[in-house]
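Colleague: Here is how the chains run, residue by residue.
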Amino acid sequence: MNAPAKVGIGTPLSRVDGTEKVTGTAKYAAEYNVPDLLYGVAVSSRIAKGRITALDEEAARAVPGVVDIVSHRNRPKQAWLDRSWKDELSIPGEPFKAFHDEQILFAGQPIAVVIAETFEAARFAASLVEVSYTEEAHNIDFEASLAEKFTPSHLKRRNNYHPPKNRGNADAAFKAANLTVEGEYHLATEHHNPMEMHASTVEWHGDGSITVFDKIQGPQGDQAYLASAFGLGKKNVRVVNSYVGGAFGSGLRPQWQVQLAVMAAIHLERSVRVVMTRAQMFTHAHRPECSYSIKLGAEHNGKLSAMINSATTSTSRFESNMEDIVVWGMMNYDCPNASGEYFIAPRDTYTSADMRAPGAATGMTLFEIAVDEMAYKAKVDPLDLRLLNYSNVDAMNETPFTSKALREAYREGAERFGWEKRTPQPRSMKEGRELIGWGVATGMWDAQFSKTAARAVLTDDGRLEVASAASDIGTGTYTVMVQVAADTLGITPEHIRAKLGDSDLPTAPVEGGSWGAASTGAAVQLACQSVAKQLLKAAEKIEGKPLHGANSIDDLVFADGAIALKTDPSRIVTITDVMKAAGLDRIEVEETASPGISGMISMMRKSRNTHSAIFCEVRVDEELNQVRVTRVVNAVAAGRIINPKTARSQILGGVVMGIGMALHEETFGDRQLGRWMNHNYAEYHVPAHADVEDIEVIFVDEPDPEVTPLGVKGLGEIGIVGTAAAVANAIYHATGKRVRALPITIDKLLDAEPDVA
Amino acid sequence: MIRFDYSRPSGVNEAVQAGAGAQVAYLAGGTNLVDLMKENVARPLHVVDINRLPLDAIEEMDGGGLRLGALVTNADTAYDERVQRRYPLLSSAILAGASPQLRNAATNGGNLNQRTRCYYFYDVDTPCNKRNPGEGCGAIGGVNRIHAILGTSDHCIATHPSDMCVALAALNADIHVTGPAGERVIPIGEYHRLPGDEPWRDNTLKTGELVTAIDLPAEDFASHYTYLKLRDRLSYAFALVSVAVAMRIEDGAITEARVALGGVAHKPWRSPSAEELLVGEAPGDAIFATVAGAILEGAQGQGDNDFKIDLARRAIVRALHQAANGTPQSQTDKRIA
Chain A
1 MNAPAKVGIG TPLSRVDGTE KVTGTAKYAA EYNVPDLLYG VAVSSRIAKG
51 RITALDEEAA RAVPGVVDIV SHRNRPKQAW LDRSWKDELS IPGEPFKAFH
101 DEQILFAGQP IAVVIAETFE AARFAASLVE VSYTEEAHNI DFEASLAEKF
151 TPSHLKRRNN YHPPKNRGNA DAAFKAANLT VEGEYHLATE HHNPMEMHAS
201 TVEWHGDGSI TVFDKIQGPQ GDQAYLASAF GLGKKNVRVV NSYVGGAFGS
251 GLRPQWQVQL AVMAAIHLER SVRVVMTRAQ MFTHAHRPEC SYSIKLGAEH
301 NGKLSAMINS ATTSTSRFES NMEDIVVWGM MNYDCPNASG EYFIAPRDTY
351 TSADMRAPGA ATGMTLFEIA VDEMAYKAKV DPLDLRLLNY SNVDAMNETP
401 FTSKALREAY REGAERFGWE KRTPQPRSMK EGRELIGWGV ATGMWDAQFS
451 KTAARAVLTD DGRLEVASAA SDIGTGTYTV MVQVAADTLG ITPEHIRAKL
501 GDSDLPTAPV EGGSWGAAST GAAVQLACQS VAKQLLKAAE KIEGKPLHGA
551 NSIDDLVFAD GAIALKTDPS RIVTITDVMK AAGLDRIEVE ETASPGISGM
601 ISMMRKSRNT HSAIFCEVRV DEELNQVRVT RVVNAVAAGR IINPKTARSQ
651 ILGGVVMGIG MALHEETFGD RQLGRWMNHN YAEYHVPAHA DVEDIEVIFV
701 DEPDPEVTPL GVKGLGEIGI VGTAAAVANA IYHATGKRVR ALPITIDKLL
751 DAEPDVA
Chain B
1 MIRFDYSRPS GVNEAVQAGA GAQVAYLAGG TNLVDLMKEN VARPLHVVDI
51 NRLPLDAIEE MDGGGLRLGA LVTNADTAYD ERVQRRYPLL SSAILAGASP
101 QLRNAATNGG NLNQRTRCYY FYDVDTPCNK RNPGEGCGAI GGVNRIHAIL
151 GTSDHCIATH PSDMCVALAA LNADIHVTGP AGERVIPIGE YHRLPGDEPW
201 RDNTLKTGEL VTAIDLPAED FASHYTYLKL RDRLSYAFAL VSVAVAMRIE
251 DGAITEARVA LGGVAHKPWR SPSAEELLVG EAPGDAIFAT VAGAILEGAQ
301 GQGDNDFKID LARRAIVRAL HQAANGTPQS QTDKRIA
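Just so you know, the sequences run in chain order A and B. Heads up: the first sequence is residues 1 to 757, going by this note's numbering. Heads up: the second sequence is residues 1 to 337, going by this note's numbering.
Be a bit skeptical, because a hint or two may be false.
Here are some chain A residues pointing at chain B (derived, C-beta under 8 Å) [to be verified]:
no.	residue
1	Ser127
2	Gln626
3	Asp747
Hints in this document: simulated from the structure, not taken from any laboratory. Quick caveat, the model's predicted, so the values are computed rather than measured. Ideal Cβ positions, reconstructed from N, Cα and C, are used throughout, including at glycine.
Okay, chain B solo, but in the shape it has when bound (with noise of 0.2 Å):
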């Protein structure tokens, strides 16, 4: 571990001046963080520590919809009643990752931010581009099961670990950041980004910008829903695949579907083409196959991870008939429902 200098700022504004210089890391739950530290992955200089700062709450906000703070940890979240109530798919994601003890400690924003479980990028003896850009990157033509099938590039084919995340994709969270030129808000869509050419950029904040909180609009998708995650042992696993439903229903027929992939790709994966097609459709194994297909164009395997193609789009197909059914996965009891 490299000797870096840690400060503690109690408001915002403080904890962005801090952040403002080069290699520097802002500091919640350190569950991601102090590991890649250790590690030799990450080397920040300058650590900001944020815990003080006034991030804590989830409040309404005007119109119904939900603010989560950027502290509140993941925990405090997906047991907050009114999340369970207007938004289960969140809680429910939360609760298919990790294990309680780092539920406990991570918080929101950090979850945000975490950084992908690729081998290579987390062994500094090994080629990464993420991490050294221009070095080459190890998963290709490595040991990639657990690796991206969509979405990727030529110097990338990492992806993004989180579960929390992938829920927030479907239901069009916001991001609110401050930063060295004060306040904006990214669409959650817009906040994760694909390897491309810059594959040590996992996002589009900008240098020294905080995420402050996490917007969820008020719409109903809280009762055809599901969060369902495969992974190699039933818990406390990344997803080889997971997917997220959040579904509206009228008289029989799909009125709003959104389809968010996790495990899959640099970022959480929808296609906004592909749940279209499930718009004004009843439920259906031919019509939820088509749409598993059509979210699935394009996917690539590296070798090791052929399966995850098959394996996402039965995981899509199931995961509908889930929402649609109003049988959400349940994410104690591990039978699929």
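Just chain A, with the same shape it has in the complex (with noise of 0.2 Å):
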């Protein structure tokens, strides 16, 4: 037998969904054709608050093929306490419930459901509902909203929220700064806008249970919600979420097209389908409007002496969503004095919620804006600037961390991008009529490990399929299951199948914070483990005890479908003939992996994160102010990484949406109207490809045993965290215009005077 080979931990595989995916055969929600279907189409609200007073049905129900709709005036009944709608990532509040009532809280809001023997008919029908309403005052203006700000108390706070915690006296300190900076920084609201619309297709049994075929982050936390809410019973939900279309935070709670189609399909006891518009996909989750005022306070070299921050993020008047705004610097950076204060403000609009590194990369990004203006105040490369405050410790928590290899990625990062070749002063690079910029930023967010569980099912044909109730939004979880049991077991990954996606498989939360492939991974090697260990058993059995001596897994090596004696390969025998010799056509293990006890004390006296060094070039127009960013170099400190490919990818994806936020995401409300405007992929615009230019990705060596199993980070999320900073930095560098509200579109450009000669 040859050496063996191995596809484990480490190989740059390629996506084993792949295929499916460009192919078409990968199914998402809407595009289960379940049989005797019927279609369901939302009539939404045109004003943003008030009552229904009138639905005048008649027009509607007069269209060829429309079987019903179903409004507050004749739904199914709904759970009546506010606690039986919580999903598995619910905030403080009262949940959106559907059709609950004749209440209008927010623009677009679905108030009827149009169910048809034909989409065509349903739409059609909907568009001829007649809506009769009585007007309340409203406001979705941020800036207005901001007179009624405030900070929930103790037990109105959403879980996973992290109160900041001061050090020293900031107000103090700040007086007696010998440089200041001091801004108020803003952020604009922004939508998820996933490819794929929210939808979902409700399979009718008949026996009282159904099948959900959804759009979610999360099939067990979507299961047991519609379970509660709607009075089923867990057993009789299932839901199947196999394939996602990206979602970004949008569907880790589940989104009103869910409510409607089980509600209509409880209704006329039939399967249905529902699936939002573009414009529909706009009435839901969004990323929360931000105000950041920062305060920082330097010693002349650069030296911080004081951080003030005090932040406000929006939400609506039902649920108060709160996120880490104003702790990421005050984490980072070495500094005696710091203090934070955090607010929310409601207007009336859906709740904001989680978008892709909610919290870090909306105040991680605006802080890194402010630390770069005080590099230039005290005249030290920005760069220099961040290493002279260095931190070696969480410096809020004054816990070490796990690991954390930021000063390595700000130098490797710096090396590739040739950062050492930046002249100082704004406006000082020039190529033609374009003014050339080089900035950089910091990134950080959390990573995190999450309780899952995991089978694995090993079969006498050497074939070995894993399964876990994890989700794959296109972040590559099938891939990191396949590759983990690969490298676990030693089988090559054409021979093994990853399943996940449906609430009937091994217990895992929701796919988000980029816990997945710490996680499910863990949970995947800690089960291919436990049939290693039942195949050492069964190879007692073989005649001549081939791996006689091996006291533990340990001691072998699982390689090319084979497993051989550590200390003397020559003994080696397969996975088949295991199986063969003792007679077992398949060996079927289920584990959990938890953090553990030990683990649980790593937790609470180290802190777990992941950290990123972001240089970016712009060219920008000195006339006409357009921006070009040419390239981007994105240094990423994030423990082990189980597969460079597909890792690389998910940072791509992150600069990609950083270079957005930066630049381009923005969503317009109608003050008058109390509603969004730009509510179509024409007009709210994300990069295309002529925005993207040169981006380049390094994974710096971070060895960390101790925060997750598989020593994993998570990489979902870091990719976005601090880019928009880059940017803009990069756009003050070339232009010397400091502006402080994202994104940088032309017209702030145009107004902004430069800062220096």
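Two independent chains are provided; combine them into the complex using the hints.
Modeller: So, in structure tokens, the structure goes:
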């Protein structure tokens, strides 16, 4: 036998679901054509606030093919108590309950769903439903809502909210500082806009049970929510989300289309599908608008002495969404005096929601613009200023990190970018009519680990199936599962099948927070190790006992479908031979990976974070202020990298989204009408190909056996954090124009004056 | 979407007969009409599919001009060797718009007749005089970052979204139409109209009239031209401001110049009196700035779009330089020439 080859952790395996996706065989929620399916189209509220006074359905019901119209007037029974509507990531307040009553809480609110035998009939009929309202005063303007800002009391906070911890005396230190920066920073409202619209296909089985094909980031949370909200009982609800066409957080919580589809299915005792329109995608989750006041004080050399943070983000009138905005700078920088306060401001929209790196993408990014300003004040290179204020520990929580290779990220990123060739003065680099600017920023995100179970089934044909109720929202979970299994059992990826996206599978949390790879990966590894142990035991039954002498699987090498003794690779046997010899046709195990006691203690004592250093080049036309982002280097410290190829893709996507945050993404609200106006892909801008040039991703070496069982930190979000600041800082270096409100659109640059000669 | 009748005639006369009734829409590439039907903005009761009409050729005209069939796609027009060589301004403007997929489907006639991208026009739950005469204009006092600064009325501040038409305006194209009353030719400058008291009328077509061809006159603007487009991202966005320049220079002096603006008005905007100022002048910053000021005389912002006046002024000056220098704006290299 040849030396065993292995496709394991650290190899750039192509996506195992790639072929299915590009050939269209991967099925998404709206693509399950169950028998006798009915189609539902939602009627959306024209007004932002008030009450429905009349619903004229006559013309709509007269359309051939229309089966029924479900609204607050005839909906099936809903759970009465708000706590029955709590989802996996619910937040304090009253969860939105579609068709609950005649109240209108936000523009675009679903107020009825027209059900028909064809989608076309449903859509046409939905346009004929006449709704009468009494309107009430409303406000969607963030600036105006600040008058009502508040900090929720302890009992009314989100579970995962981390209040800032003050240190020293920031006010006094700021007053005494040699150098100060003081500014109001702002991020516009953004909508997630994944390519796939939110959709639910509810299959009615006729025995009181339903299968829901849903666009959701966690099937089991969705299952529990639907079972509870509509009194179905958990055993009667199965949720399937095999493929999710992007989500960015918009699918963390069940959205209203699934409520409509389930209510219609119950009401009619039929299978029903409801798909949102692109415009309706602007009627739910969105990244909160943010206003962030930052004051920095420093000594002459740029050593920070004071940081004063005060931020407000938007939420709805009915739920108190909160984000960690002000803590990032306080954790990241060595500065003896720091304070933070945080508010939320309600407006008459749907509740804001987690969107890729919630809190950090906003707070860290805006803070990194202020840090850049201090570098110019102190006449210190912006990278040097960050190194001068580098903290080896979590400076806010005063805890060590399990690992922090940010210094290496700065160094490797700067080297690759060629940072040392930068000239310090703004407007000092120019080519033709374009001003060239180089900017740097820091990114930081959590490295989390969540209790997750996985099942492994090995059959005597040498094939393996690994399964967990995890989700793959385009992030590569399928591939990670296959790769970890291949690594553990030495089976070629072609012989491994990963199953996920089904509430019937072993327990897994919602896909979010960048914990997927670390958690699902650990569970798969544990299950595969358990299979390996059984194989070792079974090998004892083989004549000649080739693996004799191995006390545990640590003494074995699993590769190329075979098992060998570490100490004597000539003593080798194939997995299929082991199973045949032991008379096994299958080995099936389920294991749960959880932090355990030592892990819990480590979590209390140590901070666990990913870090990044982003370097960016922009070219800005001096007269016309058109911005081009010509080069980005993102150096990431994220522990162990399972798959350099999919990992790079994650960071590339984050950087592109960061460019969008810097230059493009903004939802415009009409104050009088109380509605978002640019609710389509033509007018809500994300980067096009022409906006994305050279992006380079570096993963710096950061061994960290403590952070999670695999040493993996997760990569779904770190790529966006700080990227927009690197762009904004590069624009300042190019133009001398400091724009503190993102996105930096051409009008803002036209209006700004350079603050240097 | 409202139920509609559908017919697919094979000849122009047959199509025009079918198009004679009320609430009829001609369907070509469908890149705009179908969207508008899905949004319930366009509600035709009869859709006449004209894709089988023999209007899909680019032909030489007597006297040296070029005739573009109404059904030739934008892509085939932009990449036609004759268009590229003799009317590079048109080719450039087409390639500045939309995406390859859209340009492969969109036709020249359809491009002329595409409708505004005003947010309010597109959202049937908001007021819009263009969509529902008399309902009011949501954009005035609303979200109007992308709206017009020239030629607006109290009823409408929408812009025409086309890039192609801006070039056609600079090239003095003629639009051939056939209708119930026969054929006629409409100069491009009279084809689109300002909103005035009738913002629902985008152009001067009469009921049932069908665009059959666009004539490009035989004039030589192949050496000094440019199409400069500024937008909220570097591709696949409608113009905030665009400038088409067609110019001739002899012995260092400008002998003729045409400047058309996109993204600023209900129609491609030209100012013949301002263009006249360039004749006899040598290219230079001062005269270009004067001309920009003259073109933008009377420009008025609506709040969010105030910046367009300054942006347009700068863009005109730059575009005039590009044309004069013979360094037209590339539509692939996004660096501004």
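Colleague: Each hint: holds or not?
Modeller: Taking the hints in turn, this is what the structure says about them:
1. Satisfaction of the interface hint for Ser127/A is found here, the shortest Cβ-Cβ separation to chain B being roughly 5 Å, below the 8 Å cut-off.
2. Of the supplied interface hints, the one on Gln626/A holds, with its beta-carbon coming within about 6 Å of a beta-carbon of chain B, less than 8 Å.
3. Hint on Asp747/A holds. Least Cβ distance to chain B is approximately 4 Å, under the 8 Å limit.
In summary, the structure agrees with every hint in the numbered list given earlier.
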